[in-house]
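Peer 1: Relying on the hints, combine the two individually framed chains into one complex.
Residues per chain, in single letters:
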Amino acid sequence: MPQQPDDSVENIRMLTESASAVVPGDGSLDRIRAARFQHPGFSRDVWMTLAEMGWLGLRLGEEKGGLALGVHEAMALSRIFGAGLVPEPFLSSLFALSLMEAAKARNWIGSALHGETIVAPAWQSVPNALDPAGGVSVKAGRLHGAKVAVAAGADVFAVTTPEGLALVPCDADGLTIKRMRMHDGTFREDLHFDAIPCEIHECEKVQDCLYEAMLLHAGFLQGTAERAFDITLEYLRLRKQFDAPIGSFQALQHRATEIKVQLELSRAAIDAAASALDGGQTERLSMAILRARSRAGGLGRLVAREAAQMHGAIGFTDEADIGLFVRKLMVEAGQFAPEYQLRAQFMSLREAAA
Amino acid sequence: MTNPPFIADHPPHPDFNAMSDDAFRAVVRDFVENHYPDIPRFAQRRLRWPEVRPWYGVLAQKGWIAPTWPRELGGMGLGAGKHLVLIEEFERFGCARVHDIGTVMLGPLLMEYGTQAQRDHYLPRILRGEDIWAQGYSEPGAGSDLAALRTTAELDGDHWVISGQKTWVTLGADANMAFVLARTDKAAKKQAGISFLLVPTDATGVTVRPIENLEGHAEFCEIFFDAVRIPKANIVGEVNRGWTMAKALLGHERVFIGAPRLSANALSRLEALARGNGAWEDPVFRDRFAGLAMDLADLGDLFETYVQRLRTGASIGADVGILKIFQSELYQRISEELMQVAGSHAGIKLEEGGDSRFDAAGTYLAARPTTIFGGSTEVMRNVLARASLNLPK
Chain A
1 MPQQPDDSVE NIRMLTESAS AVVPGDGSLD RIRAARFQHP GFSRDVWMTL
51 AEMGWLGLRL GEEKGGLALG VHEAMALSRI FGAGLVPEPF LSSLFALSLM
101 EAAKARNWIG SALHGETIVA PAWQSVPNAL DPAGGVSVKA GRLHGAKVAV
151 AAGADVFAVT TPEGLALVPC DADGLTIKRM RMHDGTFRED LHFDAIPCEI
201 HECEKVQDCL YEAMLLHAGF LQGTAERAFD ITLEYLRLRK QFDAPIGSFQ
251 ALQHRATEIK VQLELSRAAI DAAASALDGG QTERLSMAIL RARSRAGGLG
301 RLVAREAAQM HGAIGFTDEA DIGLFVRKLM VEAGQFAPEY QLRAQFMSLR
351 EAAA
Chain B
1 MTNPPFIADH PPHPDFNAMS DDAFRAVVRD FVENHYPDIP RFAQRRLRWP
51 EVRPWYGVLA QKGWIAPTWP RELGGMGLGA GKHLVLIEEF ERFGCARVHD
101 IGTVMLGPLL MEYGTQAQRD HYLPRILRGE DIWAQGYSEP GAGSDLAALR
151 TTAELDGDHW VISGQKTWVT LGADANMAFV LARTDKAAKK QAGISFLLVP
201 TDATGVTVRP IENLEGHAEF CEIFFDAVRI PKANIVGEVN RGWTMAKALL
251 GHERVFIGAP RLSANALSRL EALARGNGAW EDPVFRDRFA GLAMDLADLG
301 DLFETYVQRL RTGASIGADV GILKIFQSEL YQRISEELMQ VAGSHAGIKL
351 EEGGDSRFDA AGTYLAARPT TIFGGSTEVM RNVLARASLN LPK
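If you read the protein sequences in the order shown, they are chains A and B. At position 249 of the first sequence (counting the first as 1) the number is 249 in our numbering, and the numbers step up by one without a gap. At position 50 of the second sequence (counting the first as 1) the number is 50 in our numbering, and the numbers step up by one without a gap.
Calculated from the structure, these hints are not laboratory results. Model, not experiment: these values are computed from the prediction. All the pointers check out, no bait thrown in.
Below, in silico cross-link-like pairs of lysine-lysine (BS3-like), each with a Cα-Cα straight-line distance of 25 Å or less:
| hint | chain 1 | residue 1 | chain 2 | residue 2 |
| --- | --- | --- | --- | --- |
| 1 | B | K247 | A | K260 |
| 2 | B | K393 | B | K247 |
| 3 | B | K393 | A | K240 |
| 4 | A | K260 | B | K393 |
| 5 | B | K189 | B | K393 |
Chain B on its own, in the form it takes in the complex (with noise of 0.2 Å):
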């Protein structure tokens, strides 16, 4: 099951971190209201394959689809200040997130720890929309402790075989590959036998079931590996050292997960709907958005210090989970105040296709698997205790 490729048709890009950052929006804010394709805006769900397709294409064919990934690779380039620049216009306009886990985590990982056959194979493929990637990290028994995982693969002459079951894998229905960590070393301690495999969805052996999850979307599915094989070049780095690598992935994505835009969304969404009904009048009321609104622009001078280092190579270390404990939690208070204001109508489910402007329930859905995925706020904080300000084990 591959898809047909979608070939780039652009000269090559400038230098965008040349640009200043207006001269910068006004580009994308051009190109964004002139060849969006015909599909929704403002989706409160992650749309699936079929959907977000068209939009994948047209910023694959622009050359757009990697937008933090080298130019001589087939990315922009852009560095954290433009990249945020980009997103902060695609939210403005309310553009489908694409799928997206290939340019954002499989990508740079095969940048820095593949080899040049596999760099050669997989980034043009994921730039021309012909592999759509899904992450296969949890296991029904590793959740916050991952390195709990029981998943296995073994070598059989040219082949590891896989064995076992991954769960959570967002939009796992919609992809064709999947990178997988599986214990390669039953005897090793917890983290030191675990590797890094690309594995074929529609090799032999594997099954695909997707979970219906509180909004009523297949968002998630799980996947089992019944003695699947793949030929044993399909590793990324060294054996045994898969765990490593898999860490050092969630790092830079978490600065992103504490973006100010999830909670500047409801936020806005709150105003409209207390502005509607009354509740904007009241003065305790009043006193509560305030302190939300301090909260999110606190929050966004914050991020801003973050892309500032960021921008100046500066690594952030484990204070990087600082913006994503916050960002997240703030997201759910205001959810839970949309909730509170929307009053009896807080439980409406929006028909498809609904105006989601005032949408409290699918708010506060939608910011409930924030303080979970890419670290529970709870092992975040624990993380953060020990790295960050040295407290002992």
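So here's chain A without its partners, still in its complex pose (with noise of 0.2 Å):
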């Protein structure tokens, strides 16, 4: 694993203490838990916010108003939202604009920087699987099909097509959005093309994108789970019965051991592809992001599954905090493709490589 340059580690301390614009240092759960289940269930002005900071264009290059930093800095920033439960679709904007950036189709990058112009990625077909080109056609300049599970509140959707990149307004005549809450309290849309007129910019670079946007995602994921494994670390130490506290009982201490074991192999193994990607490897690549995703899924399910259970009842209720992570792990484990699938790919392509 090559080092972290020293200018990608000063980026990373800049942007962690910067993050507090979004993310309270205290730890507060206040304004996450009163934006959850109202349309779009997140804040325009923290959008905004986003937007000042620039980071938006993260991933993006100078010339287009971009930072231009790496895939480590972006992961920093996507554990800290993952750990702070930022319901803003940071992520599924990074993954647009650089599906944009790719196939060239400029015309709204400017705004979407800005924050004038919220853009999410509609590139699934199905809810379960890595299909891209899957759901829709182009026929004559005009848009056939479906999307589903597009993050909510979008102004604009970079639909992913067979021939390339398609940029649809949300007030299209011809699209339908099936509106669907979440359990965190956010939204998802399922979307309908009736021969939407539209440009069609070719791009070779979805499946780069894609790879991308499900590694820094697997950084949510953990950062997610770390929080709310410390959460139940503290409950461990602090909750009594019997006289003493539950986590001094060997059966919660292997099991929460067990955790940790999961949470450093994730660590690492998203840590391994992000140096793989801003060192321009190409070898193995995919399968150390599909590692990576697979890893970080598991986590998930089992922070979500142990966080409860070890909670006890308290666990069970809305009042509690660690149900905010287990929502969130309930809905963010699923994103991308089921494990199965993960794994189905990665065998492929380690054939292939062998």
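Peer 2: Structure follows, in structure tokens:
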């Protein structure tokens, strides 16, 4: 694993410090709790702050108004946002913007970076597969078909099609949006396109953008899981039953150590994949990302289950903060594709590489 | 009983750490391919001293028998990263593991806690293959709870008099020296009254008895001490201070027990077996295999972060157990998958010298002790819970 260059370490330090503009330093979850279940499920004011900090352009080239920072830097923010349960569609915007940059579809990039326009990727045709080309077709310059599970609140959708990228405003004629409430208080939308006139921007890098998004999302999941684990550990230290802190019981200690093992594996796999990506290494990069995302997904499910169980009945109340984490993990662990599909993809790439 | 010495015959070592990994790897590969003696490769069991002695001799004469010792003490002076390259190349060629308790355990301990006289006497004898050491820690009543040990040592004039029993002494029958933890203060608290003693196994009153293990090998021994007299000077560190030293020895060892190589070898075996018997085409098996392969690769990433930390001189602390826990459990999961895929052939006991590439049962058995030795998984989890997760006692 190559060492991170010093300027990357310094960038991460500065990003971490400035993240308190969005994620309160005292760990308060009041804003998160209050924003739940009210469409679009996040704050447009906070969105403007993200834009002012320049974070939406973290991965874009400087000539397009971006910061041109590495995956390690984006990962640092992603982890912090995961730990803070940030509901703003930050990662999906990064994904959409990387698609737009790769497709040289420049129309909306400027206003997106300023926070005026929110862009969301519409890439998935079914909720359980990595199929950016699926679900839609383009005939005579018109877009037909459907995409699912798109982050809510976007002004423009970046739709991946077999021919390339199509940008569709949310008020386009022929667009039907079905809105769904999610258990973490955010919203997702299924989109139906009925002969919407659109320009197609050729894009050869859809797969690269998708994999980078998947890797950054692994960092988000890990951030959420790690904080939920910390909260659970604190509960194990304080909660007394049978005249002893329940964290002194060996059965719980051994299960807690398994979470620690999975957490460290997840961190190592994510960082190694980020280093490979930043280092321009292509050999086995996709496999490394599939591993990282798969590990983080498994970690998320493990922590959700154990955090709920170790908290006992209080963990099943809406009032306890741990529930916010359980519900966030329920929603996020399922994003992109089920772990068995990631494993199948890993196996095909493994054989192709041998 | 001592062994005739191997005399080192080589120019002073260069600073291997200053070489690139690739350059160093080429040097090691060339050496191994040209100098490995006519003894078994890819052995599924530890070779006994007469079998492995030629390889010890080659390494001793080259000055490579103690990879991590400082160069001025006769070692190669390798940092963790270069050491890993050396191990990888030895594994790749299937080199037998030599008797390494002296170089891995006792040598570093003497460098830190021994007297100058002890260092001058014992370290060269290890390098020359004159002393083969055994580790006398566990007892019938003191396994995971090592501090419950009951072997005693009492001062009688200029001698310690040792009585008691040690067990699970790896390759004890090949050793002419043993280091032994013994209770020197019965009144003190468990850990406080233990000392670290050096005992020749040919001393009057020492009996070594081999124990056959599940693999059918006599790798373990019991050692009985019946009023064994050793010189008063054969103690390392202060009287009653042996516990801390003994524990310190285990820390570094655990990083390397956590190296992915055992699991990697087992996974190659699983792939070879599955490709040979049709399981490879089964989508259910492929999913399970993919999970194991991903676990192995993630372990590799985690191992690399620990090696990086060692390289920069950072300490790892209790977290070191994470590697050992995951590696040993993964090794067992892969070995169990091998047994499943082998089906009705799973129980075949390989003939001596047979083709070990598909040996399911051998791998299954070899994987068993890894969750026990060097700290059982259960005890490692107890330690991790308290020291790393800060959970209450």
